[in-house]
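Peer 1: Residues per chain, in single letters:
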Amino acid sequence: MVKRIDEVMPSIAFGGDYNPEQWDENVWLEDAKLMQEAGVNLVSVAIFSWSVLEREEGKFDFSWLDRVLDILHEHGVGVSLATATASPPAWLSKEYPEVLAVQENGVPYQIGSRQHYSPNSKRFRYAVKQLVKEMANRYKDHPALKMWHINNEYGCHLAECYSDESLSSFREWLKNRYQTIENLNQKWGTNFWSQRYNEWDEIQFPVNLPTFYNPSQKLDYKRFMNDAIFDLYKIEKEVLREITPDIPVFTNFMYEFKPLNYFGWAKEMDLVTWDSYPDPREGKPYRHAMHHDLMRSLKNGQPFYLMEQVTSHVNWRDINLTKKPGKMRLWSYSTVARGGDGVMYFQWRQGKAGAEKFHGAMVPHSNDSNSRVYQEVKQLGNELKQLDGLAGARGTAKVAIVFDWENWWAVEHEGKPHNRLSYLDQVYQYYRSFYEKNIAVDFVEPNGNLADYQFVVAPMLYMIRDGDENNFEQFVKNGGTLIVSFFSGIVDEQDHIHLGGYPAPLRSLLGLTVEEFAPMADDEKNTMVANGEKFIVDTWADIIKLEGAKAIATYKENWYQDKPAVTIHRYGQGSSIYVGTNPSDEYLDQLISGILQQLQVRAPLEAPKNVEIVERVANDKTFLFILNHNNDPVTVALEEGTVYQDCLQGKQVTQSITVQNTDVAILVC
Amino acid sequence: MVKRIDEVMPSIAFGGDYNPEQWDENVWLEDAKLMQEAGVNLVSVAIFSWSVLEREEGKFDFSWLDRVLDILHEHGVGVSLATATASPPAWLSKEYPEVLAVQENGVPYQIGSRQHYSPNSKRFRYAVKQLVKEMANRYKDHPALKMWHINNEYGCHLAECYSDESLSSFREWLKNRYQTIENLNQKWGTNFWSQRYNEWDEIQFPVNLPTFYNPSQKLDYKRFMNDAIFDLYKIEKEVLREITPDIPVFTNFMYEFKPLNYFGWAKEMDLVTWDSYPDPREGKPYRHAMHHDLMRSLKNGQPFYLMEQVTSHVNWRDINLTKKPGKMRLWSYSTVARGGDGVMYFQWRQGKAGAEKFHGAMVPHSNDSNSRVYQEVKQLGNELKQLDGLAGARGTAKVAIVFDWENWWAVEHEGKPHNRLSYLDQVYQYYRSFYEKNIAVDFVEPNGNLADYQFVVAPMLYMIRDGDENNFEQFVKNGGTLIVSFFSGIVDEQDHIHLGGYPAPLRSLLGLTVEEFAPMADDEKNTMVANGEKFIVDTWADIIKLEGAKAIATYKENWYQDKPAVTIHRYGQGSSIYVGTNPSDEYLDQLISGILQQLQVRAPLEAPKNVEIVERVANDKTFLFILNHNNDPVTVALEEGTVYQDCLQGKQVTQSITVQNTDVAILVC
Amino acid sequence: MVKRIDEVMPSIAFGGDYNPEQWDENVWLEDAKLMQEAGVNLVSVAIFSWSVLEREEGKFDFSWLDRVLDILHEHGVGVSLATATASPPAWLSKEYPEVLAVQENGVPYQIGSRQHYSPNSKRFRYAVKQLVKEMANRYKDHPALKMWHINNEYGCHLAECYSDESLSSFREWLKNRYQTIENLNQKWGTNFWSQRYNEWDEIQFPVNLPTFYNPSQKLDYKRFMNDAIFDLYKIEKEVLREITPDIPVFTNFMYEFKPLNYFGWAKEMDLVTWDSYPDPREGKPYRHAMHHDLMRSLKNGQPFYLMEQVTSHVNWRDINLTKKPGKMRLWSYSTVARGGDGVMYFQWRQGKAGAEKFHGAMVPHSNDSNSRVYQEVKQLGNELKQLDGLAGARGTAKVAIVFDWENWWAVEHEGKPHNRLSYLDQVYQYYRSFYEKNIAVDFVEPNGNLADYQFVVAPMLYMIRDGDENNFEQFVKNGGTLIVSFFSGIVDEQDHIHLGGYPAPLRSLLGLTVEEFAPMADDEKNTMVANGEKFIVDTWADIIKLEGAKAIATYKENWYQDKPAVTIHRYGQGSSIYVGTNPSDEYLDQLISGILQQLQVRAPLEAPKNVEIVERVANDKTFLFILNHNNDPVTVALEEGTVYQDCLQGKQVTQSITVQNTDVAILVC
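Chains as they are written, first to last, in our numbering: chain R, 260 to 928; chain S, 260 to 928; chain W, 260 to 928.
The reader is advised that the hints may include incorrect statements.
Given that identical chains are not distinguished, each listed pair holds provided it fits within a single copy or across any two copies.
Straight-line alpha carbon distances no greater than 27 Å define the calculated DSSO-like cross-link-like pairs of lysine-lysine that follow [unchecked claim]: (1) 388 with 496; (2) 804 with 292; (3) 809 with 880; (4) 809 with 262; (5) 434 with 526; (6) 399 with 815; (7) 586 with 868; (8) 353 with 381; (9) 637 with 611; (10) 353 with 446; (11) 543 with 822; (12) 558 with 804; (13) 526 with 657; (14) 583 with 815.
Simulated from the structure, these hints should not be mistaken for laboratory data. This one's a predicted model, so the numbers in the text were calculated from it and none came from an experiment.
Please model the complete structure; the sequences and the hints are all you need to start from.
Peer 2: Here you go:
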């Protein structure tokens, strides 16, 4: 049976991507020694090594990798071994051009960058399987092997393919989903614009169209591509499970990544890992914090690994600012606080050639161990060793935000009343309010288990599948508080309108109907009055007719003035609140604070602005993270009477603690 | 012989697109009853029904459409029956891929949206002919059939095709036009850039070029595509005329639609119809008003139908604002005032699936007959019934603006002195001035009959075909007043320079020559002095040498200061005015007011700002429309001593009338 | 042996492109007479005449060109005869489609514009050779023939081709460069991202990639295309040299033209010529002045020809402003002052058809010899005749700026710390400072001869090839002053990092290392303190560690405050200065003035602002150009005691001279 992650890595993992094949062999020993010094206990190896492992079809050369793994193991560095399938070698696409992914215009992608394969290519799948089998058999008993890193950042550059083989697969996928062409016609609404199909092979990709696509078809194409890439992952997993049944497997996820439904993927992963690259311009990266929380939520709160971050600056933005001194450490602790049991970098040693040579690394081009960058790495690596018992500890959120990838796909398709709505921005808006109050938040799917939460928010949940409404109704009936925001409950899983007055499936729960949408122009605003105070709203106004709910905010201007903007509805033991517009942060803060107060949900500690407080609970103790994002020291009052152990300073604290600018305190009690 | 429109529909037509095939049959009866209630007397049926009418090649199923037409007829609703050719079915492009239009890069468009056919495909033309024949034979005697709606919004998404078959057709078209390749070489000026052709099949499309195209070739390509699409229309018309010689036929035109020369098309239509979608942001949509006037002018003043508008908001803009209460009605009356004998919507019932499900409709998703939207529809539909004798009434403009599609194509081609000139904007600029003064305007082609007008404006008439100058000369000689604006008279119909000093063909009429063009940068302005007053000018300055004309405005700055900016030339009994720059609205208002005063051309009534006054004259009476676009009531003085009948209020008024905010009065005298 | 240019054209050449094939033969005589009147002594003929010279494959018709050359010769107008290969005829691409260049998406370019050929097409090269042979044999003894104008503006629209034949050529080129595939793998760093190649024919173009390209591969593709186009030039040159060994040959270069390494090309040209089209918006076009200096430097100071400029306005910008009266003459003299021995225009007579009909010309559409444009041409043409002995005179710069096309290519590739850096802008920044001080500047390659200079500036010299550093070291050791600016010395000629601390090859020369790059966001600035004064800096900050150098400016803000921003290092007899940021013009002016003063490098004369002073030295005399770019007259003090001859006024001047607004004085002493 597969081992638990904290069996494999009992303490916080620290290290990075390691690409020894880009360096002369004489550098490898130096690397291993530096790793030791820097506190590195895990490195990811072989991610882009296919072309040097399988030199020609079926001709494998593992000798160099054997030596690398041996050296690492001798220096106490574990290996997260990649299956090396992330980028296929030149000989493969030369010999079998059908492995190449194809662009919308029919032109194949080419070798010369990375990830140019079609996920639907049978020949590619076959080649992957062969390579993974060889890798697994070769290293199944190597003592350095801690876990399997499958492929890399699936779909990061290429999550759509328009090859002939993909078209066949798409038609096959549709046949499986709909069984009959008549059923597909109905589910796609093909009587619109004369789009009826008589046969499966009349169906084309939703591209190269004179104008708007069929939204049901487009949604299914997105589902299909998610499934195709997921199949590719599962093919590798299956091979690995068979040969190394006890070794955990995973792939690495990404930030704000829309094409893949990570909730579904996580079910097939032993560990969630992801790559986080906040832009230093952001200052205090609450959006990345949200993704830590989302990643932790994908497997019901199981800690995740941060598989990649950068020490200094990346090279793929337009302008790549560097992290100021201390920021990398501070943000790493924010990761750990939110459930990160691994802090890893891309990459160990900065490359001297290739597209990423200006991407920061743990060891810079100068190879100077006195460099600021390396010194910060070393400090963090050695500090993390002191956090005994943290690995495996969990959060304890009472608040959940509903998140749904398919809703993300559907709500951002073209042809909407307002076509600049961003699903993530709507979610961020609510998340921000909790984040700034240091209220822990989990993420759940619409049909997820809500029983552990007191307060649930569903921002812009445009798509409600059959039965999802029952989950919300049950939650509120049982005493929960629910916020639903505008443009929710509009369509079913085919992106067809729920007829019968918006938002039909939520009408009785919310106690209202939305008679019309009144989108606002970019420069347009309105004012809303709540509790006698005025708040700016923009983007959207629902024209609401109350059916049991009561208005708690009303519009002040335009032809719908005095009509409800925000409503509340008592339902069973709980309440459902509907926010029919896009209010200012001030209003959301007020609304959410009121609810939290009523529900007696509180932050772990009261703290000054820009101080992040997070709790992780282990079996026998609680870790309290105090992160100071300010440019000045802050003093935080502690719980009266409690004696805390300051893990990093190695001393006891009571009453209050002062945390320096850009510094962190980790207290145990 | 074909019936007159007012024979077929003796009162204002009211209704919309009706797509019953998207709904269960049990909704149809409900639809018909609601239509009755709402005052609907005409609906457009079967526009996108090809795939449900011809299920497979040659296998037709008209049964459902039979039932729809019967139900409609039973409820007193007439049918504008579409030929269903607007979007071909999947089986057609699967079986005959050559029907697909092709993009510039050689990639065919695909099924999955609409209008993916190549207008030049012989196979497509054949399929169209078969379908139309079937339709016409099936319904030729159905009592609901009022008129034929051919295809739909020709070219709206796809007015260029680059298929091999289109290339052959283009060469054929050129052979017909030029007879010999030597003639083509001369007419295209192919000695420039070594572009000579020896044979017809050396000619390519004017795309996929390393740099600037040959403007004569590009212009001919535009002519060719207009003709190709027009042929498609005429094929259908011919079939229909043969089978139903008495039923009027037409297709629906669009707003600001450049690819098709509607003046030419209108000659083959029994009724001009068009689709108007003003953005509610515009407030008072004078540009749409201009297109009403243009549409009315296409058939020499014959009333047109507004074939599509939306009740609330569309879904194809970036952000789709909704029309505020009353606006839809107000703008509908503006249509009627300007010659609209039909007020129709896209669409009757809001769709539940497909790309247009968020496009507003007469009956919203909620199916709620108390909804604001449906109530406004019902009010308007029932009001329009009261306007006895209006259908067929005509305008009586004394002013005409010259409009020419081929000039539009040529003047906006690349490689000009100033490449951001918009022909429409130049036309709008003059139109606006008349519109705000409530002076009726017709549109004419450069070789059109000018005898009925006192005042003609030709904005930026870059292309003057041989002989067009005589038309203008005759008009002025006979006492007319003509304004010509800058960059007029520069090229012939091949887009070759009229040599001999700009604007060579108009030099004697205008009494001047333009020695140089001095375009202005985006942020550049100049000042012009006229009658001692200063006016801002921008965009362009002609350097004018007088040859008989006299300056009525001169530049104040730059190296051409004191040179003429605007000139007047007495010619025969009339005057020709040349505006050699782009003046501010203030100047144009002053210039035009002065001329109108001199010519004693007046608005039907004096009115406050933002009040639209329009007159339509029937055989025995005059309808006077007073439309209040303001947010406050206005009072308009009426003609002393006249007793008017207020059609909507059903009472008599004299002296003055007060019209509410966003309201309209229709007086008959 | 080939004649020297000043043998062929002993005085300043004046004329333009002449395209008689676009006009009826009866215009030709009129042209020749007007040319005579205007002082024209040279015209470029037949640039786009292929399709009228070779009517069909192998069927040549030179009769019309014979007559043209005869007429020109009879009127004393010499001919720069084009080889007519700039744009192939339609019959060629119809018969041999493989001559067509291909776009990234695989779609071939087409006939209908110009320059649609693939430089790698063997068939095209063959056709070119045949045509040039015919031309050369036909006209080798014609007395009008002064020089050969090969092709035209190579690569101006199309400097990349993705045809199959180009791919084969690319692979062949790589094989020649790298000999073994293993060597290529190492030089391209293909162990990165699994890009190893086993065979040459696995290599693809660096396009159609899912994400970032391999920068070494991209750089080689740019080198390959430069070489391919250069080969095309050399094929023509070889033919011409054989048939007319004494006639100079060249092609015409362009402004800011990145794809071709003109330093390399110039070695194969007998005369550097280029086409300069400053935008009149610029006012005083110092960037074009820089390119005059660069063009003069390409052949070690040998005078160049301005082969094309426009009299009034071009037609290919968005908005094409016209040159105000006098500007064309003033800018022409600036050209002459900076080494221009020819002042030519595109074109003689303004075309009546085709893509360039709105491009200004020496004779406008009106054919009016009283027009401002023609009058200015005539004045200039006749003035230039008075400048005896000027042709062949040289400049005498003591300052050089390093310029390198391959560095330009490499530093602007993607994936950098800051991806909006413009190499040209960095060069302009330094050039501007010298230009405004009227300090003459030459341009040199990194491995060029620096011995003649006292002061050398190397802006953003990202790529340092092996050994280039020695050239700089030697220069400074010998007493030179060198400025190097940020992001220099980073990579080798493969675009691989010079390991060992930035900028490794320059570390000892500069006496420092750059530990980190800190790019700045767009809206970000910092302040730098130098000599107690504050200066704004932006874009970039190097984090510098001194290793012998001393700081002469330090940062005032951000985490790197007080660290060095600009440093100086005594090295041998000279000094090297490093500018580790992007400082304001004020700072650069101060820094450069200080150095110039120390080195006693001075302008020819002290002059007011916006007065351009340039010296050219002939065998026996010195020409002093005083160009007044102001809108008011200026008075310039002359050297005490010297008596100057004013060439244009034909009188002597001493003490001082007053030059009118937009006027020029040329003094000889």
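Peer 1: Which numbered hints turn out to be false for this structure?
Peer 2: Hint check: 3, 4, 6 and 12 fail, others pass.
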